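> Each chain, written out:
Number of protein chains: 4
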Amino acid sequence: MLRFLDAGESHGPSLSGIIEGFPAGVNINIEEINNDLRRRQGGYGRGKRMKIESDSIDILSGLINEKTIGSPISLVIKNKDWENWKDKKIRPQTIPRPGHVDYAGSIKYGFQDLRNTLERSSARNTAMRVAIGSFAKQLLREFNIKIFSYVTGIGSKSIKKYSDNNEQIESMIYDSPVYCPDKIASVEMCKEIEVAGEEGDTLGGVFEVFVPYVPPGLGSYVFWDRRLDSRLASSIMSIPGVKALEIGDGIKSAKKRGSAVHDEIFSEGNSKNNILQYYRKTNRAGGIEGGVTNGEPIVIKVYFKPIPTLLNPLNSIDFATKKEIRAGYQRSDICVVPAASIVGGSVAAWEIANAFLEKFSGDYLLEIKENYKNYKKRLQKL
Amino acid sequence: MLRFLDAGESHGPSLSGIIEGFPAGVNINIEEINNDLRRRQGGYGRGKRMKIESDSIDILSGLINEKTIGSPISLVIKNKDWENWKDKKIRPQTIPRPGHVDYAGSIKYGFQDLRNTLERSSARNTAMRVAIGSFAKQLLREFNIKIFSYVTGIGSKSIKKYSDNNEQIESMIYDSPVYCPDKIASVEMCKEIEVAGEEGDTLGGVFEVFVPYVPPGLGSYVFWDRRLDSRLASSIMSIPGVKALEIGDGIKSAKKRGSAVHDEIFSEGNSKNNILQYYRKTNRAGGIEGGVTNGEPIVIKVYFKPIPTLLNPLNSIDFATKKEIRAGYQRSDICVVPAASIVGGSVAAWEIANAFLEKFSGDYLLEIKENYKNYKKRLQKL
Amino acid sequence: MLRFLDAGESHGPSLSGIIEGFPAGVNINIEEINNDLRRRQGGYGRGKRMKIESDSIDILSGLINEKTIGSPISLVIKNKDWENWKDKKIRPQTIPRPGHVDYAGSIKYGFQDLRNTLERSSARNTAMRVAIGSFAKQLLREFNIKIFSYVTGIGSKSIKKYSDNNEQIESMIYDSPVYCPDKIASVEMCKEIEVAGEEGDTLGGVFEVFVPYVPPGLGSYVFWDRRLDSRLASSIMSIPGVKALEIGDGIKSAKKRGSAVHDEIFSEGNSKNNILQYYRKTNRAGGIEGGVTNGEPIVIKVYFKPIPTLLNPLNSIDFATKKEIRAGYQRSDICVVPAASIVGGSVAAWEIANAFLEKFSGDYLLEIKENYKNYKKRLQKL
Amino acid sequence: MLRFLDAGESHGPSLSGIIEGFPAGVNINIEEINNDLRRRQGGYGRGKRMKIESDSIDILSGLINEKTIGSPISLVIKNKDWENWKDKKIRPQTIPRPGHVDYAGSIKYGFQDLRNTLERSSARNTAMRVAIGSFAKQLLREFNIKIFSYVTGIGSKSIKKYSDNNEQIESMIYDSPVYCPDKIASVEMCKEIEVAGEEGDTLGGVFEVFVPYVPPGLGSYVFWDRRLDSRLASSIMSIPGVKALEIGDGIKSAKKRGSAVHDEIFSEGNSKNNILQYYRKTNRAGGIEGGVTNGEPIVIKVYFKPIPTLLNPLNSIDFATKKEIRAGYQRSDICVVPAASIVGGSVAAWEIANAFLEKFSGDYLLEIKENYKNYKKRLQKL
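Chains as they are written, first to last, in this note's numbering: chain A, 1 to 382; chain B, 383 to 764; chain C, 765 to 1146; chain D, 1147 to 1528.
Don't take each hint at face value.
Claimed, not checked - Here are the simulated EDC-like cross-link-like pairs (lysine to aspartate or glutamate), alpha carbons at most 20 Å apart as the crow flies:
id: 1; chain 1: D; residue 1: Lys1527; chain 2: B; residue 2: Glu752
id: 2; chain 1: B; residue 1: Lys638; chain 2: A; residue 2: Glu194
id: 3; chain 1: B; residue 1: Lys763; chain 2: D; residue 2: Glu1516
id: 4; chain 1: D; residue 1: Lys1527; chain 2: C; residue 2: Asp877
id: 5; chain 1: D; residue 1: Lys1401; chain 2: C; residue 2: Glu962
Unchecked claim - Listing some non-contacts, in silico: residues in chain B with all C-beta distances to chain A over 10 Å:
id: 6; residue: Asn411
id: 7; residue: Lys471
id: 8; residue: Asp484
id: 9; residue: Phe525
id: 10; residue: Lys543
id: 11; residue: Ile551
id: 12; residue: Ser602
id: 13; residue: Glu671
id: 14; residue: Pro679
id: 15; residue: Asn736
What the hints assert, rightly or not - Here are the simulated distance ranges between beta carbons:
id: 16; chain 1: D; residue 1: Glu1288; chain 2: B; residue 2: Gln762; range: 52 to 58 Å
id: 17; chain 1: B; residue 1: Tyr556; chain 2: A; residue 2: Asn274; range: 49 to 55 Å
id: 18; chain 1: D; residue 1: Glu1340; chain 2: A; residue 2: Lys373; range: 29 to 35 Å
id: 19; chain 1: B; residue 1: Lys462; chain 2: D; residue 2: Gln1526; range: 32 to 38 Å
Source of the hints: derived by calculation from the structure; they are not laboratory data.
Since the model is a prediction, treat every value here as computed from it, not as a measurement.
The beta carbon of each residue, even a glycine, is placed where N, CA and C say it ideally should be.
Extracted from the complex, chain A is given alone in its bound form (with noise of 0.2 Å):
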């Protein structure tokens, strides 16, 4: 069973983490872990703090030789503002913003000052989940299992057509500040970013995970816990800024009819995961029915919020004076959906990994391996 716990405040010295139960004999591509970061902190649409950190990752344990041992993982990325923020003195804070935890979470712990909430809540905190998704990821594909997260909507503007061919789609995501694989999308996208920050707006939007080449049989229907459309759910839903999130097509299947719904099953052809005879047309479903994997690609579509932190005053109260108070905020950012789409991918890499885990079980990667392929073989006979 893969665990982990995470650290760190946003104006603190570091983000920590630490990964418990990860297998042996993993190969670990700290380029790749630092690239994903800095793809979180990038997407049109970012201010000006990104600019400043660059994250990267410290490895204090875990590996021998960029190899893991079994041991728990442990986990730095250093604030690099850090040093310019230690000795300040801050006023305290008492006029939450709507929209964030300030509020409610001063509530909760009786703080006076609305920064000892701040400091935790931030956002900043999803460069670890990053981190440790990363890991995830690079144990995935040891297994060619392979995680997409790309942009759909900013705003009103959303993305016309897909590629089939995920290769293709995997460079046009690259390709786009806003991580859309859609060339004429992202240039509306940006255009209506660019709109929305001259009038001290923020603005939020939709992303999706995909993850093809899973096999069948990840998560189990038997009590409800297990079922892996609820861990995703459970780990999608726990991003900042996440407050829909739907797999396959759930929410306009609410509205037809199951003959139009349920994806039909199909005998040998082109069985695109190489793994089952049987195949689907289709994949309204996303790749999962009743909480376990068909085999088909999983599909997740998340709906992001616009950040609460904008520039445009919005009614609040002072907990200080308890008057109603309009409060305008620094700049910061517009739009911060292209990162929060790389936080996505990051977040289910993690439960289909450990969903993987569970079925496939053994201490160090070979083991998994030889386990891994004695099920493929059984499927052969299916």
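Could you slot chains B, C and D onto chain A? The hints should help.
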């Protein structure tokens, strides 16, 4: 910490459940549990099996004189038609239904007979989750927290207008054959179900869970798995048939600007929850900001797919012959969204009760009440 | 991951249990479970209640044709004298027994009537743990791992000599009225029990859990809660009446030098487990080094206190009057160490099975067997 | 609920730890943590490495102005000789030490080089558990609960008499080179260590954890894993080198009769804990009955084996040649029982703090204090 396990197959002798961690000193109204069970079985669009069974709960432990004693609570719901089934010779089933887990489940567990999957994956087992959730509801009501759940859409038909009076909503839900608090929409939905049924098809829909008067401060932003939105998402998504969910106006918000999304905070005036002196005029966040309740009602919208057992044959394969086959199924339910809304309320109640106990702890009701009272007293001075 | 919950009061209708995570495809022998249950009820030194009940297991879910299907397994043991109790008017009990949890339990939960504690804290509920452990034993036996547990001391009497033949030990345990694999010691122990009983007193003792043929590599040193010794300690110490335990020669070792404690490793020769080519001539470590099985038999010694319900009155207080009082109790058991040895074997089996499944995983027996076979094959090349 | 993860290898750059669930508003004294760390490194019988390192804690998150904020607490202890090690070319180790996990660990994880196991399994990592336990100790002290731990035996030498004055015990522990609150025994123990060291051997011993003033009602009998004795056993047994433990007079009690074992309850008079009006004159139960604290001091006795790295060669095998070999080891520690006693106190503190928070809950210190105060008030009326 509340936890439970449940067990039981669709055609076995009974469903079982055990609740652990439930505080002592809570009076349990059995009739209320049975009422929830009956409502789960009902709703326009149900097939015949529901009429046979008429579920009722047996409590085998954890209560003395109808009051909890802090010990594990053991629950049983007998399957009334077990007597008819137990000696039947049943042929192995080898043709999976598209949209159902019988395909993926049999692959996962290496079953030749799909019945080994079907028996457990049947939505029949949600009856026990309703009974378990009913305990959570009864605990929450000791603190004046009430869970509403109701249907807002079936197929292409949707609710048009809501009452803003909670008691009125409640009685309208009870009066509607589809548990929808809008009389006209209810009629339309029933009609839609009839037509679909005549054409051998099935329907999904949308339901809502609504929890007013929940105190601020449940859940936490400090670590991802303590966020209440994450836990609700996990729980709701685990209901068989659910494919999407949103908190508050999650989907619409993704297309709007921040200034039109975040709920401004106001002082004094008409705070509805009687706990805080601050309040909102809007509740697009659905009562949760940053994973923590903010004192406004929790609102969750849930998207439910049409059930996969339909009269009209879909294409599938036969594991026995490895060939494609078109298979028609026996008549069953046409639409179970009303039933699903009951399950949704139950699982949400469970998660909220759990978060409530985490914050206010205590081994017995009196202790928890004192802890809660003191919290509310401190909030007055906020 | 295996998990379970159990429930039930001493004078309620039944004990209940649910096992989750048990693999599919395992044939379950119900008679064996009942045999374990009968042995838990037996042993010289038991009072009369045991004779009334004669436990047997009902399995309500999780098996089809006596084979597990991967779904939760629901278990019930009926309390046979429930019929006699259910309508009795029982006076509140307010005088706690020294050595029993009725004192601390009533304080914790705010109970006025100690029966609210007594009913659950009764050792009666270990019957369900035996049934649950029996599933683990039957799973382990598919891999030739067998759990022995037997009494080595009662009061001042101890076993003198052990057979080194496992089959002989087994038959001697079965033949002894106190489950002790030494005929002469058994007679002495029975005598000691008789004398104590005549004098209105009770006796404790020592039992041993012995697990030969367990493979090396179960448990892990990488994080504390994954160590098998830690998990066994937790499980064994949770048996009502257990106050101490040691792995191997743990207590004696604390007084010796390292050179006289650690088990030297030898090559080839008479390795007993048929898995490794290396072995030990001594087993003072009790089969576990650093929290991980080393291929030698697991040996746990367990120290059990005399039961607290004694005929001879001890000093106590009455919660109703707040005064001291000397209270005699109804006759019950004199010594339950033989019964406790059965419980000990059961809970140890559970932990070992859990560690086994963590390493070899798999959703069904065939899959686990393949994974295990491949592990053993790799060990040959070590 | 408190939880933590820790990480770090013996010759890596540092040990890491993350604590989650620690309440807000607790002042943390860093010097006290460092004092615990220093004491873990000390004690007569230690080798040279301890002198090099001199551990101290860095706190990277979770505190603002030395006060906790409810967010995860990130901890680092630097390995001071890391600089000397990091560029060393280290030969693979292939000869396992009897008594050490390098044998079983390498088999489990498929390692050819035992260093992959050694680095993590080193008792070095107990330093982080001490630091983490120090947080628990500081939390408990806010409620006047103090943890004592001290050595009572080394090799064949044992403590002769105890003071019954807690403050005196504390100062005697501090004054003793082996952390033993008996001057004469301390001298004998040091002597024993010297002799063993000269003969190239190692020694184990016995230590005790003693927790007066703990309130009644921590832990629960209702389900096995909630019992405090079970949780303490698990935690204590997980300390490298521990092979046995007893609560109170667990071992002696197994040979006695019930009337001589159970602690009679008395009214009024000299109750020491100032919480209850009832008390005991004896404490053979070690403060825990039926898994729940009864208001008397918790007493745990822990049996520790001699460390397995000894100068005198024992027989082993070489995984590289598959042949037997006698291997001498570099000089290291002779006896680490004093250090282990510090670890024991730390892990016990953690479990007790966790049970304390389960009962009294609360997100911040003030809230917990109110909850606790009200509990004590209710107990007065008992």
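> Do the beta carbons of D:Glu1340 and A:Lys373 sit within 29 to 35 Å of each other?
Given about 57 Å between the Cβ atoms, the range is violated.
> Starting from D:Lys1527, check that the Cα of C:Asp877 is at most 20 Å away, please.
Holds - the C-alpha atoms of C:Asp877 and D:Lys1527 are around 15 Å apart, at most 20 Å.
> Falls inside 52 to 58 Å, the C-beta gap from D:Glu1288 to B:Gln762?
At roughly 25 Å between Cβ atoms, B:Gln762 and D:Glu1288 fall outside 52 to 58 Å, so the hint is violated.
> Taking the shortest Cβ-to-Cβ distance between B:Lys471 and chain A, state whether it exceeds 10 Å.
B:Lys471 clear of chain A: closest Cβ-Cβ about 25 Å, beyond 10 Å.
> Examine each Cβ of chain A, and state whether all of them lie more than 10 Å from the Cβ of B:Ile551.
At roughly 21 Å from the nearest Cβ of chain A, B:Ile551 sits farther out than 10 Å, so the non-interface label holds.
> Is the Cβ of B:Pro679 farther than 10 Å from every Cβ of chain A?
Holds, because the least Cβ-Cβ distance between B:Pro679 and chain A comes to about 14 Å, which exceeds 10 Å.
> Just double-check B:Glu671 for me: nearest Cβ-Cβ distance to chain A has to come out over 10 Å.
5 Å, violated
> Regarding the pair B:Lys638 and A:Glu194, is the alpha-carbon distance no greater than 20 Å?
Holds, at roughly 15 Å.
> Does the Cβ distance between B:Tyr556 and A:Asn274 fall inside 49 to 55 Å?
53 Å, holds
> Going by Cβ atoms, does B:Lys543 stay more than 10 Å from chain A at every point?
B:Lys543 clear of chain A: closest Cβ-Cβ about 19 Å, beyond 10 Å.
> Per the stated criterion, does the least C-beta distance between B:Phe525 and chain A lie above 10 Å, as a non-interface residue requires?
B:Phe525 clear of chain A: closest Cβ-Cβ about 16 Å, beyond 10 Å.
> Beyond 10 Å on every Cβ pair: is that true for B:Ser602 relative to chain A?
7 Å, violated
Hint compliance for this structure: hints 8, 12, 13, 16, 18, 19 are not met, and every other hint is.
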